[in-house]
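*Asks:* Spelled out from the first residue to the last, the chains are:
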Amino acid sequence: MFQRRRARLLLALLVAAAIALVTIDFRSGEDGGLDRLRGVTTSVLRPIQDGVGVLVRPFSEGAGAIADLFAIRSQNRELRDRVAELEERRRVFDDLERENAELRALLSLADRTELETVAARVIALAPSNFEWTVTIDVGARDGVERGMPVVEGDGLVGRVIQVTPDASRVLLAIDPSFSAAARSARNGEVGLLDGRGGDPMVFRALDPAAQVEIGDAVTTSSYQGGVFPAGIPIGTVSQVTEGSSPLTREVQVNPYVDFTRLQHVLVVFSTGIDDIPPFEGSEGLEFRRPPVPPLLEPEEEPTTPGSGDGDDAGDEAGDEAGGEAGDGADAGDETGGGADAGEGEEPADQAAGAGQGEARGARAQAHPGHDPPIAAPGSQPPVTGT
Amino acid sequence: MIARALVVALLLLAAVVLETALFGALTLFGFRPDLLLLVTATIATRDGPLAGVRVGAVAGLLADLLVSSSPVGLGVLVYGVVGALVGWSRPYFAPTSVTAPLLLVAAASVLGTAGYGVLTSLLADQRIGAPLILQGAIAVGLYNTLLAPLVAVVVRRLSDAFPLRGAGVE
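So the protein lines, in turn, are chains A and B.
Numbered according to this note's numbering, the first sequence terminates at residue 386, and the numbering increases by one at each position without gaps.
Numbered according to this note's numbering, the second sequence terminates at residue 170, and the numbering increases by one at each position without gaps.
One or more of the hints may lead you astray.
[Unchecked claim] Pairwise CB distance ranges (calculated):
1) Val98/B <-> Arg4/A: 23 to 31 angstroms
2) Leu10/B <-> Gly29/A: 30 to 38 angstroms
3) Leu10/B <-> Ala209/A: 58 to 66 angstroms
4) Gln263/A <-> Leu6/B: 28 to 36 angstroms
5) Gln211/A <-> Leu134/B: 32 to 40 angstroms
6) Val98/B <-> Pro208/A: 36 to 44 angstroms
[Said to hold, decoys possible] Partner residues aside, some chain A positions facing chain B, computed with beta carbon under 8 angstroms:
7) Arg6
8) Val15
9) Leu37
10) Pro58
11) Glu61
12) Gly64
13) Asp68
14) Pro176
15) Gly197
16) Thr219
These are computed hints drawn from the structure, not numbers from a lab.
Glycine residues also receive a C-beta, built at the ideal position from the N, C-alpha and C atoms.
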């Protein structure tokens, strides 16, 4: 009875302490005291986990191999079919590679740079069944930073979420909180790849009408300056659901990486590709509204051909040039015509200058012989001399 | 008492190291056993709610410090509550029963995993859905039940060698 009362009291204290800890952890953010305590715990346990891992790994692999025996027969048949298919593809691939090299040379594209990486050994997994993370044996001393991508020979593994001096924690790509920009390797459809806590992952193509088929390879994309370098293989499409969402197309992706057998990984030092400016030297440019011709021009005095002096005609012609040459600088004929209507001597650009359209008139003159502009609805016809 | 505390701490450490280093490749439906929860439930079954709360709190804190996405305190809360509940329900089962402790451990594993999953979903990662939590709770419950006899032997020997003394004993 006494123990029950004490247990109740202790439990009440424990609940209060737990709520306080959760609150402190939420408020302290990513670099708070509790996060540092996590780092210390990871560092302290790392050598123990490392040593035990070396000792027990043969046993776990042996047990895993026994479990795999049942699947090996069917897997072997699938792999034989796959080899035949890949052999066929390889023949096409040689030709595509040559064509790709030629096209790259034509477009002056730089060859894709090799990724700068550091090799790491997987030491341990997270103790929680609702967090898919692993601890690796490289840390800040090896140049690892939070957010760096982690890959394996088969493809994308995840990204670094915690760094201590000699160990790091990696959020696996199958974790529900993992998300990465991805694209279909076959047709380049871009979208987002989300983990689901195991196989398979979900690829949400941004285009709801995207043509994604079973067997399509999915790779990372540097879309909108994503964290991951483009082109890291992720997996293949295993299931396509019709009409899953009105805004996106959802497909299931089987990852290439076997997340239960991770042993060695590579931490990628290369950061995501920066946003590329639309064209060279465009970084400092400001947006300017393009000159748009008015749909309705103000009513003007009707002009009788040949009447009035040349200056007036020149003014009008200048106005015309100012008003209409703006969109395409095609008013050369018009301004010239207006000048001729006056004195027949005035150069076209002078007439245009008188009508406050000097620059435009000059541009108009620079393109002689263009088609006459299309008059805006309701505008007066151009004045022409006789 | 200090010796017992040290031995229990070592047992928890061994549990977490085995869970993170050994069981990565030995999953059941993609899930690993929760050895910390299993040790907590087994000790609570044998030694009562007070020991269950204490061990649960330490096991939960250890789990919290080794994960990144869930806030610290979540494991303390869940494992502590599971330890207390198992300890309190112990008198309602026959002391000589073999199946009762197994059922208790299974129920504690399902409840603890589901509770941890729900709280993680609410406080840390909303993308952990009900199907995943249910699947995890069942898988961990099964796995822990399979391993329970082995852990029960270790805990019984430990309790025999370092028995609880003083006011905490029923």
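*Asks:* Just pull the numbers of the violated hints for me, sorted ascending.
*Replies:* Hints 6, 10, 13 and 16 not satisfied by this model.
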